[in-house]
Amino acid sequence: MTATNIKIDAYLRQVRRGLRALPGAEVTDILNELRIHITERAQSSGRPAEDAVDSALESLGNPEQIAALYVTEDLVSKAQSSRAPWTILRTLFHWSTLSILGFGVFMICLIGYSIGVCFFLAAVMKPIHPQGVGLWYQSAESGHFSLHLGGFAPHTGQERELLGWWLVPVGCSLGGGTILLTTHFALWSLGWLRRSRKKSLP
Amino acid sequence: MQYIVLGMTGTHAADSVDKWEVQLRKGCLELAILASLWGGRLYGLELLRILETESDLVITEGTIYPLLSRLRAEGLLDAEWVEAELGHPRKYYRLTTSGRRRAVAMAQIWSRFSAKLDDLLKPLLKEER
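Those sequence lines, one after another, are chains R and Z.
All letters in the first sequence, in the order written, are residues 3 to 204 by this note's numbering.
All letters in the second sequence, in the order written, are residues 74 to 202 by this note's numbering.
These are computed hints drawn from the structure, not numbers from a lab.
A virtual CB, placed ideally from N, CA and C, is assigned to each residue, including glycine.
Fair warning: there could be bad hints in the mix.
To be verified - Here are a few chain Z residues that face chain R, going by a calculated C-beta distance under 8 Å:
| hint | residue |
| --- | --- |
| 1 | Arg114 |
| 2 | Gly117 |
| 3 | Tyr138 |
| 4 | Leu140 |
| 5 | Arg143 |
| 6 | His161 |
| 7 | Ser187 |
Turn these sequences into a full structure, and let the hints guide you.
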């Protein structure tokens, strides 16, 4: 009995290692369910204890892959059902710890959301500081020019403000658009992740 | 040389049929789970046994639990731990109202889809005999 318990514990430890991204209560629940599955399947097989546990573990499959599937299913469904940028970023952050591709997607979405927030901020700040906030255009002697969104920098008098009060509707729609686009991209990438995880399983 | 080329083609074709079958099974698994739970609550091992005997969807057993957990997160299933009189407590799954709705919708799509495909496949299957 002890030898079989050691085998089950070792298997579940491997699953637990892969489940770090999930909340503790959920992990306990998953491990309990798997442990009961293994014990019950072994008992009902009518074989000697050790053989029965071996065969139960084998048919359950690779512990790391099961854990990865749990994490993907859980994170992706949370992100897809909430669609909140914060949840999506947290999900992508977990993915980014697992692969370089995940890191790339996380960075793109982080930048996307930041740009969206900047547009919104500019639109909100415009009525508060009408003279300081805007889309500023400045041309230098060398033929270079600079364009920046924002305000509060000391103005030299050479800058021109391009949008005026249009900044409010333009900022809101560009901000909303960027955030929506980033969310779509994130969900599409997560959908792809789920499909590719499933494909890798036997 | 020609034999080798033909041999390779043969293996690849068999390979891709296998892959296609695996994908097909995976695609049907969600519907098969919802359908198995139609009659009432089941725990994981019970569900697996039904899938093994009724649906021919042989799968790595471990994949079913993450799938159940997702269906639950999506609100299609409810889960509760029930103390068994003898032995271990078991985690039972049952369909929620939206799970029942989803099962019916998927079953309708499947039945429409497979009926049409069956007609299309009849000549092929006669050929085989």
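Quick rundown of the hints versus the structure:
1. Arg114: 15 Å, violated
2. Gly117: 6 Å, holds
3. Tyr138: 6 Å, holds
4. Leu140: Holds: closest Cβ of chain R sits about 7 Å from Leu140/Z, inside 8 Å.
5. Arg143: 4 Å, holds
6. His161: Where the cut-off is 8 Å and the nearest Cβ of chain R is about 5 Å from His161/Z, the hint holds.
7. Ser187: Because about 22 Å separates Ser187/Z from the closest Cβ in chain R, which is outside the 8 Å limit, the hint is violated.
Of the hints listed earlier, those the structure fails to meet are numbers 1, 7, in rising order.
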